[in-house]
Amino acid sequence: MVHSRPDPSHEAEWIRLCKSGEKEAFAPLVDAYQRRVFSIVFHFVRRRNDVEDLVQEIFMKAFAAIESYNAQSSFGTWLNRIAVNHCYDYLRRQRSSRVTYFWEMSEEGQRQVEAQSHNPADNGSNSAEKLAIGDLINKLLARAPAEDRVILTLKEIEDRSVEEISEIMGLKLSTVKVRLHRARKRMIRDLEKWQEGR
Amino acid sequence: MRCDAVRQIVEEGMNMPPAVAAHVESCSGCKGYLRKWETLRGALIALRAEDPPEPSIGFTTRVMHRLEDNPAELGQQFIDQIGRRVVYATLMVALMLLLVLMLPPSGPYRSSGISESVLVQAQVASLSNEQILGVDGADNSEQMVSSPAPATSDNSGGRGTK
Chain A
1 MVHSRPDPSH
11 EAEWIRLCKS
21 GEKEAFAPLV
31 DAYQRRVFSI
41 VFHFVRRRND
51 VEDLVQEIFM
61 KAFAAIESYN
71 AQSSFGTWLN
81 RIAVNHCYDY
91 LRRQRSSRVT
101 YFWEMSEEGQ
111 RQVEAQSHNP
121 ADNGSNSAEK
131 LAIGDLINKL
141 LARAPAEDRV
151 ILTLKEIEDR
161 SVEEISEIMG
171 LKLSTVKVRL
181 HRARKRMIRD
191 LEKWQEGR
Chain B
199 MRCDAVRQIV
209 EEGMNMPPAV
219 AAHVESCSGC
229 KGYLRKWETL
239 RGALIALRAE
249 DPPEPSIGFT
259 TRVMHRLEDN
269 PAELGQQFID
279 QIGRRVVYAT
289 LMVALMLLLV
299 LMLPPSGPYR
309 SSGISESVLV
319 QAQVASLSNE
329 QILGVDGADN
339 SEQMVSSPAP
349 ATSDNSGGRG
359 TK
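So the protein sequences, as listed, match chains A and B.
Taken in order, the first sequence gives residues 1 to 198; the numbers are from the numbering used here.
Taken in order, the second sequence gives residues 199 to 360; the numbers are from the numbering used here.
Calculated directly from the structure, the hints in this document are not laboratory data.
Heads up, a few of these hints could be off.
Claimed, not checked - Now the in silico label distances, taken between C-beta atoms and shown as ranges:
| hint | chain 1 | residue 1 | chain 2 | residue 2 | range |
| --- | --- | --- | --- | --- | --- |
| 1 | A | R92 | B | V284 | 32 to 38 angstroms |
| 2 | A | E13 | B | S254 | 48 to 54 angstroms |
| 3 | A | D7 | B | H263 | 52 to 58 angstroms |
| 4 | B | L289 | A | G21 | 52 to 58 angstroms |
| 5 | A | D7 | B | E266 | 22 to 28 angstroms |
What the hints assert, rightly or not - What the simulated footprint calls covered on chain A by chain B, stretch by stretch (three residues with Cβ under 8 angstroms from a Cβ of chain B suffice, anywhere in the stretch; the number is not a length):
| hint | region |
| --- | --- |
| 6 | 48-62 |
| 7 | 76-88 |
| 8 | 156-162 |
Cβ coordinates follow ideal geometry from the N, Cα and C atoms, glycine included.
Start from the sequences and build out the full structure, keeping to the hints where you can.
Pasting the structure below:
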């Protein structure tokens, strides 16, 4: 299994062959990029059981659309874009992503999140607090609107620059900045709500 | 400096310009916002440490089999992508047509060719004519004018006899 980025000339040749209809030439591209795509998909959906199916679908989509790849960006970036869009569609389809944020949840839902976020050994210490917040973050991300989740994941978990996010999502730099700020504000408001309810 | 602009700068986690740092120092709201965001950011960054699942053995082979076995699936994906756009475009056109048909015309009505004020004037004129002519069409104008006359003529007659 090849995990590092392939030689650009080899990659260009595989892509050319794929465009001419030779499916076998797609296998080394799958080998080269599968780990990267697994990582992206896992960061977005955070459900281990769903990752492999989604990655397969992403590679199927990439092969179907390979005619449209025009080498303006690297193949990796182009593939990332397909992966992010696929995850975005997936998250939007999920019922949980429609529940949105903590303050929009029912009282019962809030109680469940709080109960799950509290460590049984929570004695108010800083590390316990961090652990609880980390767990809460997972829960909140799972319920956040797909748009917020995608952009926060790219910036804070995938550690992408605003420029990279703009390229992957096909948005203007200013739009990326505005959406990031909005997503962060909502997240902070959610944290405040959680802290008030404790 | 506005708090929202300051917050947008500080949440990036870069070195703050002096004006921004001074604002944060003096504004308890922004200071609290920064503290909360740092907590959340730390928790988000901690998620990076979670290892994603490894591709299972034979992953590439399965993808290739799927490509071989399901050319129809690829076609379906293409239709899904293109078809959705066609459906949206058709819906938009239908909506616009519906709006054009349902909305009243913005120009003046031209059905009667006579303006409303002219019609009102004509009605008023016909009513006053009816009063003057009576229902049977006889000329009552003299009667209407002379109706109080008997009293005056009586009076004048009275005066005259005196």
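Subject >> Coverage claim, chain B over the region 76-88 of chain A, checked by counting residues with Cβ within 8 angstroms (three needed) >> reply: Violated - the region 76-88 of chain A has 0 residues with a Cβ nearer than 8 angstroms to chain B, which falls short of three.
Subject >> Range agreement (Cβ of B:H263 with Cβ of A:D7, hint 52 to 58 angstroms) >> reply: Distance hint for A:D7, B:H263 is violated at roughly 26 angstroms.
**OP:** Return holds or violated for the Cβ distance of A:E13 and B:S254 against the range 48 to 54 angstroms.
**Re:** At 28 angstroms between Cβs, range violated.
**OP:** Could you tell me whether the CB distance from A:R92 to B:V284 stays inside 32 to 38 angstroms?
**Re:** Between A:R92 and B:V284, where Cβ atoms are some 21 angstroms apart, the hint is violated.
**OP:** Please test the hint of 22 to 28 angstroms on the beta carbon pair from A:D7 and B:E266.
**Re:** Because 26 angstroms falls inside the window, the suggested range holds.
Original post:
Under a C-beta cut-off of less than 8 angstroms, do 3 or more residues of the region 48-62 of chain A approach chain B closely enough to confirm the stated coverage?
Top reply: holds (count 8)
Original post:
Counting residues of the region 156-162 of chain A whose CB is closer than 8 angstroms to a CB in chain B, do you get three or more?
Top reply: holds (count 3)
**OP:** Using the Cβ atoms, figure out if B:L289 sits within 52 to 58 angstroms of A:G21.
**Re:** About 35 angstroms separates the Cβ atoms of B:L289 and A:G21, which means 52 to 58 angstroms is violated.
The earlier numbered hints that this structure contradicts are 1, 2, 3, 4 and 7.
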